[in-house]
Amino acid sequence: MSPNLAHDLASIVGPRHVREARAERMTYSMDGLPTHRRVPDLVVLPGSREELIAVVRLLAAHGVPFVPRGAGSGLSGGALSDEGSALLVLTRLNRILRIDRDNGLAVVEPGVVNAKLGAAAKPQGLQYAPDPSSQSACTIGGNVAENAGGPHCLKYGVTVNHILALEVLLADGSLVGLGSPGGEPWGPDLVGLFVGSEGNFGIATRITVRLTSLPRAVRTLLADFNGLRTAGEAVSAIIAAGIVPAALEMMDQSCICAVEDSVYAAGYPRDAAAVLLAELDGRNEDAVVAEAEAVAELLRKSGARSVRTAANELERERLWQGRKKAFGAMGRLSRDLVVQDAVVPRSALPQVLETISAIAKHYGLVVSNVFHAGDGNLHPNISFDATDPALKKKVEAASAEIMETCIAAGGTITGEHGVGLDKLRYMPLIFDAESLGAMHAVRKVFDPDERVNPGKVVPVHACREWASVGNAKVEMRNDNGKFNSAFRISNSALETVP
Amino acid sequence: MTILERVTALLGEGAVLEAGTDRVPRIAPGSPDAVALLLGTAHQEGWRVRIEGAGTWLQSDAPADLALTTRRLDRIPAIEPPDLTATAEAGIGLDQLRQQLADRGAWLAIDPPGLAGRTLGSVVSTATAGPLRHGFGPIKDHLLGVTFVTGDGRMVQSGGRVMKNVAGYDLTRLQAGGFGAFGVIVLVHLRLRTLPRADVTYLLEGAREDLTQVGEDIAAAGLTPAALELVSPALARRERWVLSVRLAGSPVQVAADEAGLDAASGGGRFAPLRAEEAHAFWMRLAEGFAVRPVTFRIGGVPSASDELLDLLQHQLGDEWISASPAAGAIRWTGDASIDRLQRLRRTLAGLEVPLTLERAPWPVRGAVGHFGAYREGVGPLVAGLRRTFDPGGALVVATEGS
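As they're listed, the protein sequences go chains U and G. In terms of the numbering used here, the first sequence has 282 at position 282, counting the first letter as 1, and numbering is strictly consecutive. In terms of the numbering used here, the second sequence has 273 at position 273, counting the first letter as 1, and numbering is strictly consecutive.
Any given hint could turn out to be false.
Unchecked claim - Capping the alpha-carbon separation at 20 Å, the derived lysine to aspartate or glutamate pairs in EDC-like fashion look like this:
{"no.": "1", "chain 1": "U", "residue 1": "Lys155", "chain 2": "G", "residue 2": "Glu376"}
{"no.": "2", "chain 1": "U", "residue 1": "Lys116", "chain 2": "U", "residue 2": "Glu317"}
{"no.": "3", "chain 1": "U", "residue 1": "Lys301", "chain 2": "U", "residue 2": "Glu233"}
{"no.": "4", "chain 1": "U", "residue 1": "Lys325", "chain 2": "U", "residue 2": "Glu315"}
{"no.": "5", "chain 1": "U", "residue 1": "Lys444", "chain 2": "G", "residue 2": "Glu376"}
{"no.": "6", "chain 1": "U", "residue 1": "Lys394", "chain 2": "U", "residue 2": "Glu404"}
To be verified - Far from chain G by the CB rule (all over 10 Å, computed), these chain U residues:
{"no.": "7", "residue": "Gly32"}
{"no.": "8", "residue": "Val176"}
{"no.": "9", "residue": "Ala265"}
{"no.": "10", "residue": "Tyr363"}
{"no.": "11", "residue": "Asp385"}
{"no.": "12", "residue": "Pro454"}
Simulated from the structure, these hints should not be mistaken for lab results. We put the CB at the ideal spot given by N, CA and C, even for glycine.
This is chain U alone, in the form it adopts within the complex (with noise of 0.2 Å):
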């Protein structure tokens, strides 16, 4: 990095806003995840837009890479930072631009924390539904980088589903306006392209989100069970009976306790192997009751042990509030959590939560599991002291086999925390070579030197090349069910494989 730039840099921000110092920098060293540390070069804090189109066009003018960073509350080392990149905080972008009440949306700042945004909407009776644990600290711009999702986004869809337009801006300092306010796309949806491509295509600058109008009537129910299998089986009852609860969330014993220890303390039942939380909402009063009646019959026909629907709102949300804090509350466990996200279909939640436990009894690891069970989205979580090595292996160790049992099960890696650095060994176990280099091929339509940040997301070394028709063998069933001569594809003529 050249000695000036940094100078450079501070002409445009401030020199408050320019970190070079290395006790500075150090703040910058992680995300939510304590498996990965990198160092950045220069921390840069923009404290508008037109601010960061300023360090963005000098970065380019430098060929230097950088990484957007928003709260820094992300969960796969997704915006940390190389040596010889720029780390670009976005925090101080945080103003709400437009609240439309008449057309549900609303225009923010990438730095607009995800819970304030809430409060902005809920007097004029709307809310914005993506609902990630960390609301109360992560920024919108993360949320399109990840495509965030959170507990509510069961019934109302994850953070791509609210998302109308997006003002981003690229790597080279140029400016591209994707969607429009009525959700129509100008051409193909590159706002749904953008969202959850998790930096690596440029840096949203404004965001236009959908806002919906909030619940009149909400029933908050807690199930509690004596076997994590049967609370599995109890989400597969609600999912097929066709209900859509607002949230079901499900937690084992490990995760009840550390709640009931915390601060948070929600009253959830110490001795259940698992409680689930459902919540039903919608317009009507009566419509949301008889739902939750249905709701609770099938928990009970499930074999829940009891189940107790929130008095009043103080009640919910303290039910809520032993959730969303859990996270918080695992931190009792030991010095480091590993949030875990993977995702399987859901009726193959009984048996993939047993097949865990098995996991964590091989390894001698203490897992708890607190997730989005209606999506069938897990997040087992590794307490561990990563001070220590050994322990630090099984649990890299442990965290393979879970994701590959979640693989196994029709699943998938990652539901809402992103691939980041911490998924891009599982990627190749998903995707082909050829669809690893589909992915590779378009993030250089964006971004041609991959200088936003860099190195993450998709395994470099495991695409195959997209520059010219590779040699592909494809076996041929002709209409007879028999198999014509198989063909291979060169560059130069189609030859027939003996």
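Starting from the structure of chain U, add chain G where the hints point.
Coordinates of chain G only, in the frame set by chain U:
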């Protein structure tokens, strides 16, 4: 060796169908691998390929060396009612898919325009949602993943079979509404719902302005119907505009919404349709958009719906229109010249409203393009993506027009 002879040698005689009126050879590969082989060869040989489904939606008239139809890709490898997911090949007709899902108690909550036998791949690649978009979102929200074959014969998987998935970039969203410009969709993983136990339709006839107000009142009352569609008299085959409301879900939910509808509209104004009447009404609406030569959609903010309907009436006439005012989506069909469509697209672009040309004879869509009036910087990205997924330009798709 002619193209037809080459293709016959590659895929067998069974893959060669009768050519259309323009005598372009029509090839129906029997598997995704066969699609890859055909497109890989086309790329090598410089053949120009147009993509077809059942041939009931987009006109089969693009100039090409051969037509690739997905109609033999008509298997449904998986329906999983406990998980509410299914996997279907792109050439399956929606009518067949619906029936097989219904037999298992499952429902794909989309009702795209076109004839009943329109293929799943056609619906996905053109992202043509119908009135159910109001309650269940656009086509892309029903997709968990797709497999597609690029213009140079590469098979690419995107997404998966589970409810949430952020592993890698979401190429499924690029394919949904890409009109085949970025490849041929061969396999689709779908998100399902259970068949609604109650499903009723109500109609209200009246002046457009009055019905718009009623629609706003329904939205203000917090009702969330499965469909809330404003239909022009000609399309509805009624004397006046029609506001159609579809309520679908559990009997308790639907009963509550019926009461809410009654209250929001001033009591007793909506007329219920019998089940067979409702089916015929929605079917007629869908089929109406496949009859006339040009169909397009526009998408604005909900508060602009009235203004946009006025604009369409002024510039093109309003005989065949269906609008979902609360979703800001409007579909128009009729006859329109290249010049008028281009002028309309420019006017709408000034209002931040994209116009997507869904179907038109080749001379029109070739000139106007499915897309156009891109926002700042979008054109180069679209061009770059096209080059990535179809480096030799084998796929004949009128993305931006001439």
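How the hints compare with the structure:
1. Lys155(U) with Glu376(G): Roughly 34 Å between the alpha carbons, so the hint for Lys155(U) and Glu376(G) is violated.
2. Lys116(U) with Glu317(U): holds (17 Å)
3. Lys301(U) with Glu233(U): Between Lys301(U) and Glu233(U) the Cα gap is close to 10 Å, so the pair holds against 20 Å.
4. Lys325(U) with Glu315(U): The given pair, whose Cα atoms are some 15 Å apart, holds under the 20 Å limit.
5. Lys444(U) with Glu376(G): holds (19 Å)
6. Lys394(U) with Glu404(U): holds (15 Å)
7. Gly32: holds (15 Å)
8. Val176: violated (3 Å)
9. Ala265: holds (29 Å)
10. Tyr363: holds (24 Å)
11. Asp385: holds (29 Å)
12. Pro454: It holds; Pro454(U) is separated from chain G by about 15 Å at its closest Cβ, greater than 10 Å.
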